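Take the two lone chains, each set in its own frame, and fit them into one complex as the hints suggest.
Line order of the protein sequences matches chains A and B. Note that my numbering has the first sequence beginning at 21, numbered continuously upward. Note that my numbering has the second sequence beginning at 5, numbered continuously upward.
No lab work stands behind these hints, which were simulated from the structure alone. Bear in mind the structure is a predicted one, so any value in this text is a computation, not a measurement. A portion of the hints provided could be inaccurate.
Claimed, not checked - Dumping the calculated PhoX-like pairs for lysine-lysine here, alpha-carbon to alpha-carbon at most 20 Å: (1) B:LYS52 <-> A:LYS41; (2) B:LYS13 <-> A:LYS280; (3) A:LYS83 <-> B:LYS38; (4) B:LYS42 <-> A:LYS83; (5) A:LYS175 <-> A:LYS163; (6) B:LYS6 <-> B:LYS149; (7) A:LYS83 <-> B:LYS41; (8) B:LYS13 <-> B:LYS149; (9) B:LYS41 <-> A:LYS41; (10) B:LYS38 <-> A:LYS41; (11) A:LYS177 <-> A:LYS317; (12) A:LYS163 <-> A:LYS317; (13) A:LYS106 <-> A:LYS89; (14) A:LYS163 <-> A:LYS177; (15) A:LYS89 <-> A:LYS110; (16) B:LYS13 <-> A:LYS442; (17) A:LYS157 <-> A:LYS170; (18) A:LYS89 <-> A:LYS126; (19) A:LYS106 <-> A:LYS126; (20) A:LYS442 <-> A:LYS280; (21) B:LYS121 <-> B:LYS95; (22) A:LYS41 <-> B:LYS42; (23) B:LYS115 <-> B:LYS52.
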Amino acid sequence: MSLSMITPEFLIERNLERCIKCQVCVRQCANEAHRYDAETDTLSCDDLACVGCHRCVTLCPTKALTIRKFPLEFRTNANWTPDAIKAIYKQAETGGILLTGMGNDKPYPIYWDHLLLNASQVTNPSIDPLREPMEVKTFLGRKPEALEIKDGKLKTKLPPQLELDVPVMFSAMSFGSISLNAVKSLAAAAREAGTFFNTGEGGLHQDLYEYGENAIVQVASGRFGVHYEYLNAGAAIEIKIGQGAKPGIGGHLPGEKVGKEVSETRMIPEGSDALSPAPHHDIYSIEDLRQLIYSLKEATRYEKPVAVKIAAVHNVAAIASGIARAGADIITIDGFRGGTGATPLCTRDNVGIPIELALAAVDSRLRSESIRHQVSLVIAGSVRNSADVMKAIALGADAVYIGSAALLALGCHMCQKCYTGKCNWGIATQDPNLVKRLNPEIGARRAANLLRAWKHEIKEMLGGMGINALESLRGNRLMLRGVGLTEKELEILGVKAAGE
Amino acid sequence: MKRIYAQEKYCIGCRLCEIYCAAVHSEYPDDLVKAFKKAAMVPTPRVKVEEERPLSFALQCRHCEEPHCLKACITGAMYRDEETGAILNDKERCVGCWTCILVCPYGAIFKDEITGKVVTKCDFCLHMGQPACVEHCPNGALQLKEEGGDE
Numbered sequence: 021m022s023l024s025m026i027t028p029e030f031l032i033e034r035n036l037e038r039c040i041k042c043q044v045c046v047r048q049c050a051n052e053a054h055r056y057d058a059e060t061d062t063l064s065c066d067d068l069a070c071v072g073c074h075r076c077v078t079l080c081p082t083k084a085l086t087i088r089k090f091p092l093e094f095r096t097n098a099n100w101t102p103d104a105i106k107a108i109y110k111q112a113e114t115g116g117i118l119l120t121g122m123g124n125d126k127p128y129p130i131y132w133d134h135l136l137l138n139a140s141q142v143t144n145p146s147i148d149p150l151r152e153p154m155e156v157k158t159f160l161g162r163k164p165e166a167l168e169i170k171d172g173k174l175k176t177k178l179p180p181q182l183e184l185d186v187p188v189m190f191s192a193m194s195f196g197s198i199s200l201n202a203v204k205s206l207a208a209a210a211r212e213a214g215t216f217f218n219t220g221e222g223g224l225h226q227d228l229y230e231y232g233e234n235a236i237v238q239v240a241s242g243r244f245g246v247h248y249e250y251l252n253a254g255a256a257i258e259i260k261i262g263q264g265a266k267p268g269i270g271g272h273l274p275g276e277k278v279g280k281e282v283s284e285t286r287m288i289p290e291g292s293d294a295l296s297p298a299p300h301h302d303i304y305s306i307e308d309l310r311q312l313i314y315s316l317k318e319a320t321r322y323e324k325p326v327a328v329k330i331a332a333v334h335n336v337a338a339i340a341s342g343i344a345r346a347g348a349d350i351i352t353i354d355g356f357r358g359g360t361g362a363t364p365l366c367t368r369d370n371v372g373i374p375i376e377l378a379l380a381a382v383d384s385r386l387r388s389e390s391i392r393h394q395v396s397l398v399i400a401g402s403v404r405n406s407a408d409v410m411k412a413i414a415l416g417a418d419a420v421y422i423g424s425a426a427l428l429a430l431g432c433h434m435c436q437k438c439y440t441g442k443c444n445w446g447i448a449t450q451d452p453n454l455v456k457r458l459n460p461e462i463g464a465r466r467a468a469n470l471l472r473a474w475k476h477e478i479k480e481m482l483g484g485m486g487i488n489a490l491e492s493l494r495g496n497r498l499m500l501r502g503v504g505l506t507e508k509e510l511e512i513l514g515v516k517a518a519g520e
Numbered sequence: 005m006k007r008i009y010a011q012e013k014y015c016i017g018c019r020l021c022e023i024y025c026a027a028v029h030s031e032y033p034d035d036l037v038k039a040f041k042k043a044a045m046v047p048t049p050r051v052k053v054e055e056e057r058p059l060s061f062a063l064q065c066r067h068c069e070e071p072h073c074l075k076a077c078i079t080g081a082m083y084r085d086e087e088t089g090a091i092l093n094d095k096e097r098c099v100g101c102w103t104c105i106l107v108c109p110y111g112a113i114f115k116d117e118i119t120g121k122v123v124t125k126c127d128f129c130l131h132m133g134q135p136a137c138v139e140h141c142p143n144g145a146l147q148l149k150e151e152g153g154d155e
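This is chain B alone, in the form it adopts within the complex (with noise of 0.2 Å):
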């Protein structure tokens, strides 16, 4: 499957993918004034800028051939579509138990801060053509590549 790879050496630090990532999943997910300033809650991005500069990457679920939070997830929740081999979150099933977050090596699990029940992770963008993390950074430091690809 292609993932996501984020070239570090070229990462500003702008974090407009975080910006654009909560607002393709909020209510309004074309249009960034009102998915910040209408929707009741802004989502919780789902891809984090870790930071110590001048150091920084985006980073968001590695859709792991082995994932230790579908394997540690109690409700069966987590799952891999089996179309994409992406790994996605059933908000349905998940109860928020927080474990596929303490098991997830990257850190890339978070809480949904807007029920705070459940966790929200790297959805791929499948009802997109391209993840906006990828589409909106502006220096090519996030790129869509098939696995094993360059870089």
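Extracted from the complex, chain A is given alone in its bound form (with noise of 0.2 Å):
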């Protein structure tokens, strides 16, 4: 073996003063950053092993872990950055794909931070939504071209409608890439708060048909666990197509993690690799996608709408506007700063576009053509707080997804190593000794309260504006006013400057 030129990220440093060698840190890191030496009674670390999880730092109980950055300088250069530089020393040592987890981490605009909201002055009354009713309930679907009513009761039959208490749900990550410990809390947090969570390409494992009523289940290229039940066990199905972390490319799940219970949920042998081809073999145009949209309706008796899901790519308008004539009732659309388990580098960093203004294309899109009812506008890749959701609803969707956040409640510290299945908070992991640190009660709770939280700061957002029902601030961009943008970004936003 030759030499390697690979440094530590991180700098593990230990307070001798506070440190009462209790060891904790040596059992809980899966990297053996942490090691003891009973022979001379000391603690060590390994700073190559550190991914900065900060799992030692969190559960030590003196607090005398500190994680720092690796003080290591490479000579300033602005081009040959030390990421660019760390990649090419990786590359020239295993001559392979880079991996990488979670979603795009490079400094591209952030549309949510250059977008702001409005709130009433004098003229308008804002609302107080403590003591006033304020309703964010959200129903996603396909809406009929008009009303019906007569004698006082609604005559036209509504296709099948998501009914949402809070317009957030949790996006879609497999049992597989995520331990079912994370699914089921993810699931019981979707039950409390009356909303949904996707069970992503992993089909549902068998604990978790109780939660059918609150699951979308997911159709994908590898069409892993799907079959009559599972079709019909869920609230409703999503096609994927893509998605905004890895567009146009399958996924992996490697063998090692498809254990018994994987298995048996995606129906596939013990060990072997769960490969998801880039495309769906069956789908090479709008077609196509319509024949795969009526064959699921079929099977599940037109009781539950089918979403398709894709990534926020360069054409996405035209795109989204294929899949609501192919008979969509639900269109996702994942932005480039999407989550995953594993994705290449090279296609994380560089491929998609901004979720922002792929909404707001497609929404205007969709109007112009007088096809907006006809779907509902589901978007995901990076939505950090209350305000994104308003912004996002404001700019024309009807509800958003969380994937990236809903993992953070549950102990994620965004390390981006969810690819090597050790994750240390036992989240993105199949390793019964990391599982079982992740305990779904107290995962629910944590999921449930973010949702809470946010439903909370909607209703005083919306207040603050003088609205008293989230379907009035939908598609509302006059609510909206952009700061630091070009007039090309504010044209595709379709929003007016601040001061205007």
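Structure below.
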């Protein structure tokens, strides 16, 4: 073996005045960054092994640990950044594709942070949500052209709808990419909050059928775990075409993660790689997509809405229009900041477009073609807080999906090492030693708390605008103003500049 | 009485229960650093994490209805606290014959390493609001529940 040029990313600092040698850090680090030497009764660290997940820091009972960025400086070079240099060292050593997890972390513009919300002053009264009713209920699904009402009763038969008590759902994350305890946490939180979780392409584990009413079951290119009971167990079905973190490419769950439970749920042999092809091999056109949409509707007696999820790419508006015409009831668009359990670094950081622009473009296109009512729009790809939700809804979204934010609520520390299967927080792992670190009762409570907090904040901001129903904000871009944006960006977003 | 129930499926084997147990029974019950670094000797934890990975759980005295240790105690040092029902050991009377250690079916009685002459066991943290092991378990794997309650 030749010399390795890979240097540590993090520096582990141990305050020896505080360290009581209890070895919790040693027992908690799946990367074996902490070691105890019984002979000398000392603890040592392997900085190279540290991924910066903060498990040890959080569990250390005397707060004796600190993790810093490893202070190794290259000669300053704005072009050849340390990340660019280190990537070359790694590839020269391995000859492989660089993998990563979570979403794009590069400093592209975050349009949410260039959009500001409105509030009422003098001329129209703001509303106090603690004193007055505030409606944030959302219905997802195809809406009829017109409503026929006779004798005070609705005559029109409504297409199937999903009813959300809060306009936030948990994104598609498969059992396999995340642990069963993580899925259970999200499923229970979705039920508690009156919203939905998405199975991702991992099937529905037997233990999760009880949460079927709150599940959106996914059908993706590998068709893992798809069968009649599965389709009918969920409240809706989502056809996954693409994902924001890796538009245009498929998925690969390594065989090591395909244990007994994953194998049974996905209906594949234990230990075999679960390869999701890049395309659906039966979908090469909008017409093909229509066939699958209607096959799924047929299989569920037209009782469940069918969604189609795509990554936000250059021609997203035209594609979305095609999807609407293909008969989808919901379109999910996943922006380029969307997370994942594993993706090539080159794809994650360079493919796709920002969700804010994609959303505005799709909403405008569907409106201009008078087909906006035929589909609901759900967006994903880095919704970080309740204000992002508000801005998304004002731009035209019906609801949002959160993945990264949901995992953060469960304890994720964004170390981006999901693909290693050694998640110290028990989330992106199938190792039974690690999975048990996430108690789904605690996880469910934390995820439900997040939704509760956001719901309160959404009501607070709506009230400030003098609006008492989320429906009145939907697509109401007059409630937004842009700051620090070019004319073209404002035009695509369909918002005025601040001060206008 | 309330009992401590271990949910082995959520025990992460961090042994924080042992660490806090030792600390709250030391000279410095409120300061982990002092308890471990300043005290002459760290008390023996009265809870023990049993492990055969991935299985692990924390075990402490079950405070049995019919305690073998109490029956076997030759000096009457082992007694039941009338008020709480907890089984306690009077260190003044204990002579360190280790009979209780031998008869305890759970292995929940330990030799007190500080004196080496008496036994030590879970006292249910009667001096505190809640047992330290339960309070400091980071994953809810130890729960204080009424006997016969759920799980």
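Results of checking the hints against the structure:
1. B:LYS52 <-> A:LYS41: Status holds; Cα separation ~17 Å.
2. B:LYS13 <-> A:LYS280: Holds, at about 17 Å.
3. A:LYS83 <-> B:LYS38: holds, 14 Å
4. B:LYS42 <-> A:LYS83: holds, 17 Å
5. A:LYS175 <-> A:LYS163: This hinted pair holds, its Cα atoms lying about 14 Å apart.
6. B:LYS6 <-> B:LYS149: At roughly 5 Å apart (the allowed maximum being 20 Å), LYS149 of chain B and LYS6 of chain B satisfy the hint.
7. A:LYS83 <-> B:LYS41: holds, 15 Å
8. B:LYS13 <-> B:LYS149: holds, 17 Å
9. B:LYS41 <-> A:LYS41: holds, 10 Å
10. B:LYS38 <-> A:LYS41: holds, 13 Å
11. A:LYS177 <-> A:LYS317: holds, 17 Å
12. A:LYS163 <-> A:LYS317: With a Cα-Cα distance of about 16 Å, the restraint between LYS163 of chain A and LYS317 of chain A holds, given a limit of 20 Å.
13. A:LYS106 <-> A:LYS89: Holds - the C-alpha atoms of LYS89 of chain A and LYS106 of chain A are around 14 Å apart, at most 20 Å.
14. A:LYS163 <-> A:LYS177: It holds: about 10 Å lies between the C-alpha atoms, which stays within 20 Å.
15. A:LYS89 <-> A:LYS110: holds, 19 Å
16. B:LYS13 <-> A:LYS442: holds, 18 Å
17. A:LYS157 <-> A:LYS170: violated, 25 Å
18. A:LYS89 <-> A:LYS126: It holds: about 17 Å lies between the C-alpha atoms, which stays within 20 Å.
19. A:LYS106 <-> A:LYS126: holds, 16 Å
20. A:LYS442 <-> A:LYS280: holds, 18 Å
21. B:LYS121 <-> B:LYS95: Given pair LYS121 of chain B, LYS95 of chain B holds - Cα atoms ~9 Å apart, limit 20 Å.
22. A:LYS41 <-> B:LYS42: holds, 13 Å
23. B:LYS115 <-> B:LYS52: holds, 13 Å
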